[in-house]
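Asker: These protein sequence lines are chains L and V, in that order. According to the numbering used here, the first sequence holds residues 2 to 171 in order. According to the numbering used here, the second sequence holds residues 258 to 597 in order.
Calculated directly from the structure, the hints in this document are not laboratory data. Hints should not be assumed to be uniformly reliable.
[Said to hold, decoys possible] Covered, in the sense of this in silico footprint (three residues per stretch, anywhere, with C-beta under 8 Å from a C-beta of chain L), are these stretches of chain V: (1) 261-273; (2) 579-586.
[What the hints assert, rightly or not] Here are the simulated lysine to any residue pairs, SDA-like style, with alpha carbons at most 20 Å apart: (3) V:465 x V:357; (4) V:427 x L:110; (5) V:465 x V:395; (6) V:396 x V:439; (7) V:465 x V:347; (8) V:465 x V:374; (9) V:427 x L:26; (10) V:427 x L:27; (11) V:427 x V:399.
[Claimed, not checked] Computed beta-carbon distance windows for the label pairs: (12) L:59 x V:290: 22 to 32 Å; (13) V:383 x L:138: 48 to 58 Å; (14) L:10 x V:470: 40 to 50 Å; (15) V:362 x L:10: 40 to 50 Å; (16) V:365 x L:141: 43 to 53 Å; (17) V:273 x L:152: 40 to 50 Å.
Ideal Cβ positions, reconstructed from N, Cα and C, are used throughout, including at glycine.
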Amino acid sequence: MDFDEFLREQLSGLVRFAGVLTADTYLAQDLTQDALVRAHARWSRIGRMDRPDLYVRRMITNGYLSWRRRWAVRTIQPVADADRLSRATVPDPAVRLADQDQVMALLATLSRRQRAALVLRFYEGRTDEEIAAILGCSAGTVRSHVSRALAGLRERVRDDQPTDATLEVS
Amino acid sequence: MINNDSVRQALGTLERFAPAEDEVLAGLRTGIVRRRKRRQVASVVGVAGAAGMVALGVVYVAPGRGGDGGTPPAATAGTTPTTSVKIATPPAAPVLPFTVGWTPEGYSSQIWEAGRTDGSVQYTGTKDFQAVVVWISAKPRPAAQDGDSEEPTTVAGRMGVIRRLAPDSKETQFIWQLDDGRWAMVGGRAPTVQLATLRRVAESVTTKPTPLTAPFSLTTLPDGYQVASWSGGSDQPFSGSLTICRTVSEPLAGTLAPDCIGVSLHDGTAPAVTLRKDSSLKNPQEIPMDREQVIDGVLTRAPADGTEAVAQVDAGHWASAVSQAAGVDLLRQVVASVRS
């Protein structure tokens, strides 16, 4: 597969993945471009891989996890305001989770690696093995990330709605 | 009730943050062109013709060797001496041209860049988006843009501004001038990083230099070249980089001046090819790194245009030296002198 063919097949999914992962359009664009520029330079090797799509997702995810930024740019990246979660007053946690801004706030309370694992599992529908390849860890560690991420969300919701909140996470 | 489907649906709402594909493609083309230009050579300068360069060492040619790196080979018996350059002393270790006297608890230096007058460092905490950037330069910080707001303040008794960047005014920067006239910026994202935290970091910045650990070393520095800047940290696409130039320029420009050589250390195995494409992403060309010479017992490889040289430093690292005009022989000398 050459680089142009890869772009035609994968670019749409990559930008959506980066958008969901970061919840920040500019950061998503930055990370996607950066990963693709570097992938382009190494395409002779990446293009021969069995799953170049996973490898490029790994590059995007690594960029997100390490949050590498150029110094010359004028900002460091926007971030969802995690404090807004604790100030939330919507009584039904299900409603709150469905609220887009609250979702950002909830996700901002997780570690980046946990959030990446959640996005790969529940948004992209990846298997443990695929997520492990992207995150560079074992499948067991992936399951741990996902479990802890869900537990973290559950605790957050319970903290805000301790009386009647029922959360089922499987 | 919340279940996996709820989480899936909630994450799906974040698709709205996906960037436009055409904008990503435009940025990709720009990035590729920039990378390509950085690696291009206007002309290959023969070392023999370069002023000030005198043959001293012994360089061997290993014709016909292929492969894509691996451990550094020993010099091949029976190979032919070719050329060499005058070598001076190892480059000076990096020194951050300022000191940050206080950072929030749990924050650590993640990435840094250090020139003679300009430098920057990013400190990150253990939680998401905890990041504080300290940036010092002889050049003023870029002016505010539409939508930014500024309010006057003082930092360590000197006049400055608090700039809040558009669109949401949460990106906050303290900007002021240090005692020696350089400009300083301390930035972070509110409220993850509190204004009081940024102020305390800013108040702790002094002009005193801070020695840093070099991410790698060179055994020698080419004659006539000086260290322009170092970069390093735990959050780099490579282990670190060094820019050496005949005319020292400050970092942060994002480009490599023609009289400079960029040296970097990477994890893994040195590549066998370098890829070149035009700005439309058409007609990709793999340029083999097949011009081999052994320099001081280290196999170096370069493409035909002589813009780059690579060498395997050890089993886990390879080094690259790139320049628009230095010439492949000098690049080989430099890359062969890299030590991890």
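Asker: Each hint: holds or not?
Answerer: Structure-based check of all given hints:
1. 261-273: holds (count 12)
2. 579-586: violated (count 0)
3. V:465 x V:357: holds (9 Å)
4. V:427 x L:110: holds (18 Å)
5. V:465 x V:395: Within the cut-off at roughly 15 Å; holds.
6. V:396 x V:439: holds (7 Å)
7. V:465 x V:347: violated (24 Å)
8. V:465 x V:374: Satisfied, since the Cα-Cα distance of roughly 11 Å is no more than 20 Å.
9. V:427 x L:26: holds (16 Å)
10. V:427 x L:27: holds (15 Å)
11. V:427 x V:399: Holds. Residue 427 (chain V) to residue 399 (chain V) sits at ~18 Å (cutoff 20 Å).
12. L:59 x V:290: 22 to 32 Å: Once the Cβ atoms are compared, 25 Å apart, the range 22 to 32 Å for residue 290 (chain V) and residue 59 (chain L) holds.
13. V:383 x L:138: 48 to 58 Å: violated (18 Å)
14. L:10 x V:470: 40 to 50 Å: Between residue 10 (chain L) and residue 470 (chain V), where Cβ atoms are some 43 Å apart, the hint holds.
15. V:362 x L:10: 40 to 50 Å: Given range 40 to 50 Å: holds, Cβ gap about 47 Å.
16. V:365 x L:141: 43 to 53 Å: Since the Cβ atoms of residue 365 (chain V) and residue 141 (chain L) sit about 28 Å apart, the hinted range of 43 to 53 Å is violated.
17. V:273 x L:152: 40 to 50 Å: Cβ of residue 273 (chain V) to Cβ of residue 152 (chain L): about 27 Å, so the range 40 to 50 Å is violated.
Violated hints, in rising order: 2, 7, 13, 16, 17; the structure is consistent with all others.
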